[in-house]
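Protein chains in written order, with our numbering: chain A, 2 to 666; chain B, 751 to 937.
Among the clues, some could well be false.
Only part of the chain B face toward chain A is listed, based on derived beta-carbon distances under 7 Å [to be verified]:
no.	residue
1	Leu-768
2	Ile-783
3	Arg-801
Simulated from the structure, these hints should not be mistaken for lab results.
Ideal placement from N, C-alpha and C gives every residue a C-beta, glycine not left out.
Okay, here's what each chain looks like letter by letter:
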Amino acid sequence: MLSPELGHYALALACVLAAVQGILPLIGAHRRDPRLMALAPGLAIGQLIGLVTAFACLIHAAVTDDFSVQNVAANSAVSKPLLYKITGVWGNHEGSILLWALILGLCGAAVAAFGRNLPSALRARVIAILGLVATGFELFCLTTSDPFARVWPAPMEGQGMNPLLQDPGLAFHPPILYTGYVGFAVPFAFAIAALIEGRVDAAWGRWVRPWAVAAWCFLTCGIAMGSWWSYYVLGWGGYWFWDPVENASLIPWLTGTALIHSAIVVEKREALKIWTVLLAIGTFSFSLSGTFLVRSGILNSVHAFANDPARGIFILGLLGLVIGGSLALFAYRAPSLTAGGLFAPLSREGALVLNNILLCSLCAVVLTGTMYPPFMSLLFDRTISVGKPFFDATTIPLALPLFIFMGFGPMLPWKRAQLWPVLNRLWLAAGLTVVAALVATRQLSGVLPVLCAAAAIWIMVSCATDIATRIQLFRVSLATSLHRLRGLPRAIIGTAIAHTGVAITVLGLAGMSQAQHRIVEVPTGSTQTLAGYEWTLTDVHSEPGPNYTAMVATIEIRRNGQLVTVLRPSKRSFNTQNQTTTDVAIHTNLLSDLYGVLGDSHGTEGHMTYVLRLHYNPLAPWMWLGALVMAFGGALSLSDRRVRVGAPRRAASSVQPASTQGNNA
Amino acid sequence: MTRKTRRLWLVIACVACLGTAATLVLRAFSSDIVFFVTPSQVAASPPPKDRTVKLGGMVVAGSVHRERHGETPVATFDVTDGQAAVSVHYEGILPDLFREGQSVVAIGTANSAHDFTASEVLAKHDETYMPKEVAEALKKSGKWDPRFGPPPSAASWNSMTVQDARKDMTAPAAAPAPAQTTTQPAP
Chain A
2 MLSPELGHYA LALACVLAAV QGILPLIGAH RRDPRLMALA PGLAIGQLIG
52 LVTAFACLIH AAVTDDFSVQ NVAANSAVSK PLLYKITGVW GNHEGSILLW
102 ALILGLCGAA VAAFGRNLPS ALRARVIAIL GLVATGFELF CLTTSDPFAR
152 VWPAPMEGQG MNPLLQDPGL AFHPPILYTG YVGFAVPFAF AIAALIEGRV
202 DAAWGRWVRP WAVAAWCFLT CGIAMGSWWS YYVLGWGGYW FWDPVENASL
252 IPWLTGTALI HSAIVVEKRE ALKIWTVLLA IGTFSFSLSG TFLVRSGILN
302 SVHAFANDPA RGIFILGLLG LVIGGSLALF AYRAPSLTAG GLFAPLSREG
352 ALVLNNILLC SLCAVVLTGT MYPPFMSLLF DRTISVGKPF FDATTIPLAL
402 PLFIFMGFGP MLPWKRAQLW PVLNRLWLAA GLTVVAALVA TRQLSGVLPV
452 LCAAAAIWIM VSCATDIATR IQLFRVSLAT SLHRLRGLPR AIIGTAIAHT
502 GVAITVLGLA GMSQAQHRIV EVPTGSTQTL AGYEWTLTDV HSEPGPNYTA
552 MVATIEIRRN GQLVTVLRPS KRSFNTQNQT TTDVAIHTNL LSDLYGVLGD
602 SHGTEGHMTY VLRLHYNPLA PWMWLGALVM AFGGALSLSD RRVRVGAPRR
652 AASSVQPAST QGNNA
Chain B
751 MTRKTRRLWL VIACVACLGT AATLVLRAFS SDIVFFVTPS QVAASPPPKD
801 RTVKLGGMVV AGSVHRERHG ETPVATFDVT DGQAAVSVHY EGILPDLFRE
851 GQSVVAIGTA NSAHDFTASE VLAKHDETYM PKEVAEALKK SGKWDPRFGP
901 PPSAASWNSM TVQDARKDMT APAAAPAPAQ TTTQPAP
């Protein structure tokens, strides 16, 4: 029933529907023809049905071990566990492009479903632009990377999946990361639609922001999961390699963060309109380039599994069309957008502008560091690489001012602010920051970790102070304060939580800079000391797994003679691929990670020695916990009443200061 | 606050931030960039001792020695590009995909023209995939011309390297036979 041919047909059908979805509603919106405009939602949902069918067919082929499908034969095997048969569908190039298209289809359908209160012309245009982008990706899928191609004769057994990818973290990482990447297509489509209409106003800002925040939440989670995967699967002890592929996800995250902040200014004050439109275009362009970097292999990277120039050229063309086209439209139409409200440099708007400038400088630095090596090798034939020392020296000094302004930015009133009343509220935060810096100087080595730790405390305490001031904590009775807390707009609580999340991540990074490790080669029974713990290797034995055999070590960790935990790191040999992977063992108490890796073994029976790598990683879990808190803050602000009740009608005049709860002027 | 003064403030803020960013980037470029070197470049003119470089090439078959200094595992192996070989000294765990006769990238500092201390050793995910830097090094050394087909497979390159590199090698740790088994546990 769900045959690969049906999937191929459904994909082709979705591609045609996407093309129609990209053309007819645009014409309709131009001619103000309500019948053509009304086609958009139906077409978007039809396209989604086609894509879901195609995806279901591919999953069906993978689950039933249909090795006559080349994609399945190349990436699956009978012995693979069911979970990885399903998730393996998007673990390879063809499947991941199909997943990308599916998520884009979902975005289009989501706009169709949730955008009922948008003006019909705007909605038609947004859906049409999403359709055009989808057409490009589905054509790419059909012409250069067909996931349904058959192979004859069909092999009896598939080649199996890279064992490194057989991990629950990586299995669910791509869908979440892709939802983040692709989600920014919606703000992009809104920006293009606004350029075509020649109109950006407060209502536009309010419509576009939830989409940007949602995409940002997914991207934050996706990046954190990727980093976590690299920490516990690759087993090299670090969490971020500054690899081009990782940077390719960080760059849209930085501009996306700038976008969700500048859209607030559009929504509340109708300023920064042109800039926000540019950020929306830029963020999606960087997301697309991220895919391009991963898929084409122009940046050599440990992640670049697929190296195929034909695909690279198609993607490059698609990229040129989308980015070049949208920037040309921007250059043509942006001057016709009217400039917005005035504000003093010292005001909420001013703080948000500064946030944008700093985030974009950070983005420029990361982009330079990522693009410089391929640029140098292309032009001057010199092979160089840029790594952690470069990014540490450039990003941290730029991030520190961002952290400082993050503390008091949300307390500034709109339009014009006085510095003194705000600083007056921050005595406590400043005092605690100084205490934290003094404590950190004794605990941490290095200047930058101390500064980062102090900045994190500053952010946390000022966020708490902001909320405490708003609910008048300790000035009125506790019950009244709680009542006020319940009455606060969720967007404000969300902001405080997301900023606290940043602080938690920064504390984790500062802690990780103090990580200690030892590499030893020992026989069983010997004990090492690291960071005040005694690590004893008691036993090494072999254990069979579903499609591998593992050599498992047992390491008992004691502190002052008390057993803390038993780590069981292992080394797995996969039968199908002739590959070995190391399986890291981690014990966490949320304040620090004890991390053990089993390496090679040497010697003869009875006199074996084993190589062990032991890490003590203080505050490591906080890095990912902070990201989750950030995403939770974003999600909370998405549940804000203003978003739930739905966007307002577009005001006849452009003056629209809307919610007065948000500004405490 | 007029539009003009606001614009002035904006310009000042932008210039200040981007200027700082540019200064930081340029400073970091002059000190923190890691250059890729081939064994023949190290042999011809070793980089300064305090400068971290990436050394890329093929692991000479039979050159891998593992020993233990106290409780610290130490590995030494030769890396060659077919023109010269450099002996690499590494304290730590070699990656899972490290194989004799296959490509490797070592990050560290050169002590002399034939002696290199690695702080990190990278072998790529895929066994058939050759890192771009190593492919470049092979092209430069004249062992492989991309016009005449794909790069030699790891197995043939393995024996070719050993024989060809031996002529130029001053280090005595040359491999006796290309067919020697690896010291990795058989997967």
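Problem - Numbers of unmet hints, in rising order - result: The structure breaks only hint 3.
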